[in-house]
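*Asks:* Those protein sequences? They're chains A and B, same order as listed. By the numbering used here, the letter at position 237 of the first sequence is numbered 237, and the numbering carries on one by one without gaps. By the numbering used here, the letter at position 112 of the second sequence is numbered 112, and the numbering carries on one by one without gaps.
Simulated from the structure, these hints should not be mistaken for lab results. Treat the hints loosely; a few may be bogus.
Some, not all, of what chain A presents toward chain B, calculated at C-beta under 10 Å [to be verified]:
hint, residue
1, L50
2, G94
3, T123
4, L189
5, Q204
6, E245
7, L256
For glycine and all other residues, C-beta sits at the position ideal for the given N, C-alpha and C.
What follows is the residue order along each chain.
There are 2 protein chains.
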Amino acid sequence: MENNAPVTIIGLGLMGQALAAAFLRAGHPTTVWNRTAAKADRLVADGARLAPSVDDALAAGPLAVICLTDYQAVHDLLDGSGMAGRTLVNLTSGSSAQAREAARWAEQRGARYLDGAIMAIPTAIGTTDAVILHSGPRADFDAHRSTLEALGTATHLGADHGLASLYDVAGLAMMWSILSAWLQGAAMLRAAGVDAATYTPFAQRLAVGVAGWLPGYATQVDRGSFPAEVATLETDARAMAHLVEECLALGVNAELPELLKAMADRAIAAGHGGEQYPVLIQEFAKPR
Amino acid sequence: MENNAPVTIIGLGLMGQALAAAFLRAGHPTTVWNRTAAKADRLVADGARLAPSVDDALAAGPLAVICLTDYQAVHDLLDGSGMAGRTLVNLTSGSSAQAREAARWAEQRGARYLDGAIMAIPTAIGTTDAVILHSGPRADFDAHRSTLEALGTATHLGADHGLASLYDVAGLAMMWSILSAWLQGAAMLRAAGVDAATYTPFAQRLAVGVAGWLPGYATQVDRGSFPAEVATLETDARAMAHLVEECLALGVNAELPELLKAMADRAIAAGHGGEQYPVLIQEFAKPR
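Only chain A is shown next, with the shape it has when bound in the complex (with noise of 0.2 Å):
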């Protein structure tokens, strides 16, 4: 452990307080810059140092974890500031671009950049349940790897400074799909009468086995192959047309359901209909 790194928090909203509570928890000097000061008397009173200036916040370590609203903020912020040699972590939400174009500016005026994403909720963030994706140069993560674990399970993606930001866009789609097609279900069931603690182990089992086959569909994308193993996209599309049928028949919601039938139907149209689902890599793969 080298948790006498120093390290400054650039940025206080919430999740900004809860990165520098957590080096505070886990012994780190911290030194914090917010625009509004005030932002930072509990942590202060926690034994944070406030900085009087951006310049300050950066002079006072190697590494800098920056956490504001937007990108353009973090330009505004820090664009003449005295970053040269430093190490700074940007955990700003943004697009791939915006990671890859800050990764560059950076660079030019001396620092070393990696870009980062918060897969968790302020209150997680100093727990192994907080997971913070990071992309950029291995080394520098390497670097600062102990100090950054201090805030959850801190995990290096590859060089591309965008992976973060899309791992962690493509890991919500995830999240809302689930969540979207679970309430599918409790709607659909709950027209029937079933409750959704009823309905859920189900959905819940049918989840997480289906979560085991995506290992084995990844070899087929990877392959632009995909014979048909387990059933053929026209069999699936026979059976989401029973499940928009239905739903239209209960008065739920049937977009979700639609959205699903009309990808796999193009897929057939293209001629695909024999092979198996992950075939749709191909409708996935370009806009509408």
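Here the structure of chain A is known, so what remains is to put chain B in place on it, guided by the hints.
*Replies:* For chain B alone, kept in the frame of chain A given last:
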């Protein structure tokens, strides 16, 4: 084990053949019937008896498992047959309304009736991996449970004959949604040069993690109360906008993200922005 109980299988498509073969392997005297008798050749070689008529097939024992193309085929074939006193287990795919109507039809003809849905592919039949859902009178299921367990993991969902069909399509919606969300992420990451095998363990951990939240969220749905313990729907919707923009920038399909965002936006417009994701049950529970 009462695996000397005689069973009848009506309908010898791929699935019907698998069902009959599983009964034979478990030692049940097995009578089969199919419109095209040649489909029974292999089963007869393995010890099945081919009935010369549907009435003869139904007369062979107390339990007949039916697996035909659709419910119309069930009615066309069995209307006027000697089903009185028999228990029919209808594993034909159809809607909850068709299942309930078939139950009334069979009961009017003096038969006991269970509806069912097979959540498995033919090659899994006869293993515990084959989950077979049943709905209808519990006593009728219990009377034949040990026989039905020769086909897979036999589950009873409730007395409403429509439940097997509803759980089946709700489960399929979960399956397709997870596969689609995973393909969405795989398409996004592939645009950044990451292959599916590299991305997939991340998606898999996330899916299993989110599945674990469902019971807690089910409590919110059943209470009709959605306090934002984790995040507000407004926070989700902002991240959904990032996801949509990222898909458009990458040139990958954005329809699934756009649908998720449209449903969240509608719930926010209805005043639920400060509540939590499961409040979307109100959108899923009504037609667009």
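*Asks:* Please go over all the hints and tell whether each is borne out by the structure.
*Replies:* Consistency of the hints with the structure:
Contact between A/L50 and chain B, as hinted, is not supported at the beta carbon level, the nearest pair being about 28 Å apart and thus beyond 10 Å. A distance limit of 10 Å between C-beta atoms decides the matter here; for A/G94 the minimum to chain B is near 8 Å, and the interface restraint holds. A cut of 10 Å between beta carbons decides the hint on A/T123: the least distance to chain B is about 9 Å, and the hint holds. Satisfaction of the interface hint for A/L189 is found here, the shortest Cβ-Cβ separation to chain B being roughly 6 Å, below the 10 Å cut-off.
At about 5 Å, the closest approach between the beta carbon of A/Q204 and any beta carbon in chain B falls short of 10 Å, and the interface hint on this residue holds. Interface hint at A/E245: satisfied, since its Cβ lies 6 Å from the closest Cβ of chain B, which is below the 10 Å cut-off. A hinted interface residue such as A/L256 counts as satisfied when its beta carbon comes closer than 10 Å to some beta carbon of chain B; here the least separation is about 7 Å, so the hint holds.
Checked against the numbered hints given earlier, the structure breaks only hint 1 and satisfies all the rest.
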